[in-house]
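Trainee: Residue numbers (the numbering used here): 18 to 324.
Quick caveat, the hints were computed from the structure, so don't treat them as lab data. It is possible that some hints are incorrect.
[What the hints assert, rightly or not] Cβ-Cβ distance ranges computed for the label pairs, FRET-style:
#1 A77 to S50: 16 to 22 Å
#2 R297 to V322: 15 to 21 Å
#3 D245 to G69: 35 to 41 Å
#4 E31 to D169: 18 to 24 Å
#5 M44 to L139: 19 to 25 Å
#6 T75 to G108: 32 to 38 Å
#7 R140 to E59: 27 to 33 Å
#8 L321 to T75: 52 to 58 Å
#9 M234 to G277: 16 to 22 Å
#10 T45 to A90: 24 to 30 Å
#11 R168 to Q55: 41 to 47 Å
#12 A129 to A77: 46 to 52 Å
#13 R91 to A40: 26 to 32 Å
#14 V311 to T240: 21 to 27 Å
[As the list claims (entries may be wrong)] Here are the simulated SDA-like pairs of lysine to any residue, each with C-alpha atoms no more than 20 Å apart in a straight line:
#15 K28 to L80
#16 K201 to G273
#17 K28 to L53
Quick reminder that beta carbons are idealized off the backbone N, C-alpha and C, glycines included.
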Amino acid sequence: MILRGWRYFLKVAETGNLTRAAAQLHMTQPALSRHLKQLEDEMGVALLMRHGRGVRLTEAGALFVEQAREILARADTLSEVLHAREARPSGQLAIGMPLSWTGLVTTPLITAFRERHPSVTLRLVEGTTDALRQALKRREIQAAVVTMVDRDPEIETRHIVSDGAYLIGPPDSTVVRDGKLDLKALTGQPMVLLTHTTNVRRELERVLAQARLRSDMVLEVNTLSLLDYVERGVGYSVVPACAVAGFDRRNRLKVGLIDGFRSDWAVASLRGHPGTAALRAFETLLDDMLADLVARGAWPSARLVKD
Numbered sequence: 018m019i020l021r022g023w024r025y026f027l028k029v030a031e032t033g034n035l036t037r038a039a040a041q042l043h044m045t046q047p048a049l050s051r052h053l054k055q056l057e058d059e060m061g062v063a064l065l066m067r068h069g070r071g072v073r074l075t076e077a078g079a080l081f082v083e084q085a086r087e088i089l090a091r092a093d094t095l096s097e098v099l100h101a102r103e104a105r106p107s108g109q110l111a112i113g114m115p116l117s118w119t120g121l122v123t124t125p126l127i128t129a130f131r132e133r134h135p136s137v138t139l140r141l142v143e144g145t146t147d148a149l150r151q152a153l154k155r156r157e158i159q160a161a162v163v164t165m166v167d168r169d170p171e172i173e174t175r176h177i178v179s180d181g182a183y184l185i186g187p188p189d190s191t192v193v194r195d196g197k198l199d200l201k202a203l204t205g206q207p208m209v210l211l212t213h214t215t216n217v218r219r220e221l222e223r224v225l226a227q228a229r230l231r232s233d234m235v236l237e238v239n240t241l242s243l244l245d246y247v248e249r250g251v252g253y254s255v256v257p258a259c260a261v262a263g264f265d266r267r268n269r270l271k272v273g274l275i276d277g278f279r280s281d282w283a284v285a286s287l288r289g290h291p292g293t294a295a296l297r298a299f300e301t302l303l304d305d306m307l308a309d310l311v312a313r314g315a316w317p318s319a320r321l322v323k324d
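Taking the hints into account, I'd like the entire structure generated from these sequences.
Mentor: This is the structure:
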């Protein structure tokens with residue numbers, strides 16, 4: 018109970034706004050305010066100062082944040098150590114998965130895990146690699162599937178699969194014909210792209226620069242809703258191949274695999290944190306599902322990787 022109130026306070030300190038913090042904590046602002054007052058009463062000092070645009074930390078509040086983060090991190094580690102000793106998967110498991118894996122991997126994976134391990138309470142967070150890595154560091158999730166980009170001393174990774182990317186266009190596209198890709202034809206074409214924080218966007222820019230080509234971005238989005246815009250003829254896009262394999266609109270879109278474009282995916286976790294029985298079971302099921310998808314050709318551009 019005490020630690021929960023501390024977590025509430027850290028969320029307020031992070032956002033600097035009671036309304037925003039309450040929304041992210043899925044609680045009402047009056048309820049959050051009561052928790053904060055109780056915490057200040059227990060500490061015997063003012064931790065927050067209210068102002069017109071939100072709240073800011075007092076000197077005591079800043080010190081509390083520093084100490085509370087360390088104590089909560091140790092409490093989380095203790096919980097992980099205790100659960101790691103359990104042979105049977107149980108308790109809570111928070112997992113991060115990439116947006117592009119939703120249809121092909123994540124949905125059947127979560128469904129199968131729930132059927133096999135009903136005693137585990139799952140929490141799924143979907144997002145970009147950058148967002149999932151930050152969620153790991155904030156200990157909001159225990160593990161995540163991310164693209165292998167810059168190495169981070171706080172995070173350890175296990176390489177699991179290498180994938181390609183597709184250029185996709187509207188049904189009447191002349192850039193992609195019969196599944197074959199002509200990158201040069203992209204010059205001057207309107208592009209609907211994922212945000213710059215995604216690995217596929219960075220890799221696209223590398224491939225275009227290497228070929229001395231350019232494209233014109235007309236729309237930037239952070240979800241796979243970009244497929245709707247492509248289908249309506251707003252522009253072309255590039256998405257991970259798993260996203261194309263996982264949707265049912267291939268007959269309404271032209272697709273072409275981009276030569277020389279690869280994304281390496283890995284399971285990431287905080288370095289030095291023991292894996293629980295639930296996490297080990299989840300990773301085993303993930304490995305089995307990836308092997309099955311590749312073996313039966315459901316993910317044709319993927320290659321399994323064993324670290």
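Trainee: Between the beta carbons of E31 and D169, is the distance compatible with 18 to 24 Å?
Mentor: Holds - the Cβ-Cβ distance for E31 and D169, about 20 Å, lies within 18 to 24 Å.
Trainee: Okay, L321 versus T75 on CB: inside 52 to 58 Å?
Mentor: Given range 52 to 58 Å: holds, Cβ gap about 53 Å.
Trainee: Cβ-Cβ distance between M234 and G277: within 16 to 22 Å?
Mentor: With a Cβ separation near 21 Å, M234 and G277 satisfy 16 to 22 Å, so the hint holds.
Trainee: Does the Cβ-Cβ separation between R297 and V322 fall within 15 to 21 Å?
Mentor: For R297 and V322 the Cβ distance comes to about 19 Å; the hint holds.
Trainee: State, for the Cβ atoms of M44 and L139, whether the hinted interval 19 to 25 Å holds or is violated.
Mentor: holds (21 Å)
Trainee: Honestly, do R91 and A40 meet the 26 to 32 Å range at C-beta?
Mentor: Because 28 Å falls inside the window, the suggested range holds.
Trainee: Within 21 to 27 Å or not, the Cβ separation of V311 and T240?
Mentor: Because 26 Å falls inside the window, the suggested range holds.
Trainee: CB of T45 to CB of A90, is that within 24 to 30 Å?
Mentor: holds (28 Å)
Trainee: I want to verify a distance hint. Is the separation of the beta carbons of R168 and Q55 within 41 to 47 Å?
Mentor: Because 42 Å falls inside the window, the suggested range holds.
Trainee: Could one say that the CB atoms of R140 and E59 fall in the range 27 to 33 Å?
Mentor: holds (28 Å)
Trainee: For the range 32 to 38 Å, tell me whether the beta carbons of T75 and G108 fit it or not.
Mentor: 36 Å Cβ-Cβ, so the 32 to 38 Å window holds.
Trainee: Would the hint linking K28 and L53 be met if the CA-CA limit is 20 Å?
Mentor: holds (11 Å)
In this structure, every one of the numbered hints holds.
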